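Turn these sequences into a full structure, and let the hints guide you.
FYI, the numbering for the sequence shown is 217 to 480, going by our numbering.
FYI, nobody ran anything at the bench for these hints, they're computed from the structure. All of these numbers come straight from a predicted model, not from anything done at the bench. Using N, Cα and C, we set each Cβ at its ideal position, and we do this for glycine too. Heads up, a few of these hints could be off.
[Claimed, not checked] Label pairs and their in silico Cβ distance ranges:
#1 358 <-> 279: 31 to 39 Å
#2 231 <-> 311: 22 to 30 Å
#3 367 <-> 227: 29 to 37 Å
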Amino acid sequence: MNLKSILDEALIVTEEAAAFIRSQAGKVTAEDVISKSRNSLVSYVDKTAEEILVKGLSKILPKAGFITEEGTVAQHTSEYTWVIDPLDGTTNFLQQIPIYSVSVGLVYEGRIVLGIVSDVEQKETFYAWKGGGAWCNGEKISVSNRTDVQDAVVATGFPYSSRDVLPQLTAVFEYFLKNARGIRRLGSAAIDLAYVACGRFDVYYETTLNPWDIAGGIILVEEAGGHVSDFSGNSEMMENGQVIAGPGPIHQAVEGHIRSIFGT
Numbered sequence: 217m218n219l220k221s222i223l224d225e226a227l228i229v230t231e232e233a234a235a236f237i238r239s240q241a242g243k244v245t246a247e248d249v250i251s252k253s254r255n256s257l258v259s260y261v262d263k264t265a266e267e268i269l270v271k272g273l274s275k276i277l278p279k280a281g282f283i284t285e286e287g288t289v290a291q292h293t294s295e296y297t298w299v300i301d302p303l304d305g306t307t308n309f310l311q312q313i314p315i316y317s318v319s320v321g322l323v324y325e326g327r328i329v330l331g332i333v334s335d336v337e338q339k340e341t342f343y344a345w346k347g348g349g350a351w352c353n354g355e356k357i358s359v360s361n362r363t364d365v366q367d368a369v370v371a372t373g374f375p376y377s378s379r380d381v382l383p384q385l386t387a388v389f390e391y392f393l394k395n396a397r398g399i400r401r402l403g404s405a406a407i408d409l410a411y412v413a414c415g416r417f418d419v420y421y422e423t424t425l426n427p428w429d430i431a432g433g434i435i436l437v438e439e440a441g442g443h444v445s446d447f448s449g450n451s452e453m454m455e456n457g458q459v460i461a462g463p464g465p466i467h468q469a470v471e472g473h474i475r476s477i478f479g480t
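In structure tokens, the structure reads:
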């Protein structure tokens, strides 16, 4: 099936989920929130948005499987699999911090071939398909042309569940504090990757991520001319939850530094 045709239909479904999330901003009460863990919250908004996505995407590819954050379904196939995060940045949403997204990725035989990240409150939709480039609201986008870490604005996130790697991550963070132009932590991995794809961020790194956090954004960066790898320089981001993303020269420098600290 034509990837662009699949994308066009998936964009409509993604916007439906984003519109629902926008309609619920500021309306969720404490009684609506369930704590999955100390640093992981969920509400009816996440679950309903996921149901919208699963229902709509199932009509596009009826035999496709799903990997979802809230576990609406656990169906898998050997061909197509949708990997979706209905609300990436739930804590931001609940705190009324307007930085959260809907992330949709399509995997075909183990490779990401399509990605969508909807920055809900900014009403910016980033999307890409294999061989088709990366786009935002109809305009083609590309990674930044910066080549030196000292000129880079760096994005990252904090792995609350991986205390064992805190010393290494602290060392990486210290390196950027001393050498980069600035560091940002938005609270949505999908938006971080989208912002690398359009050049707002020069590099993004994080660990202990889930497939649904990054599936939509990885192909955005790749199709925008950037490089994406895990901390070992391999392409197993979805498997081990590690990501380094950015334009080639900066990605290479950051990857080398992180590898030296983590010993990979």
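Consistency of the hints with the structure:
| no. | hint | in the structure |
| --- | --- | --- |
| 1 | 358 <-> 279: 31 to 39 Å | 34 Å, holds |
| 2 | 231 <-> 311: 22 to 30 Å | 24 Å, holds |
| 3 | 367 <-> 227: 29 to 37 Å | 34 Å, holds |
Checked against the numbered hints above, the structure breaks none of them.
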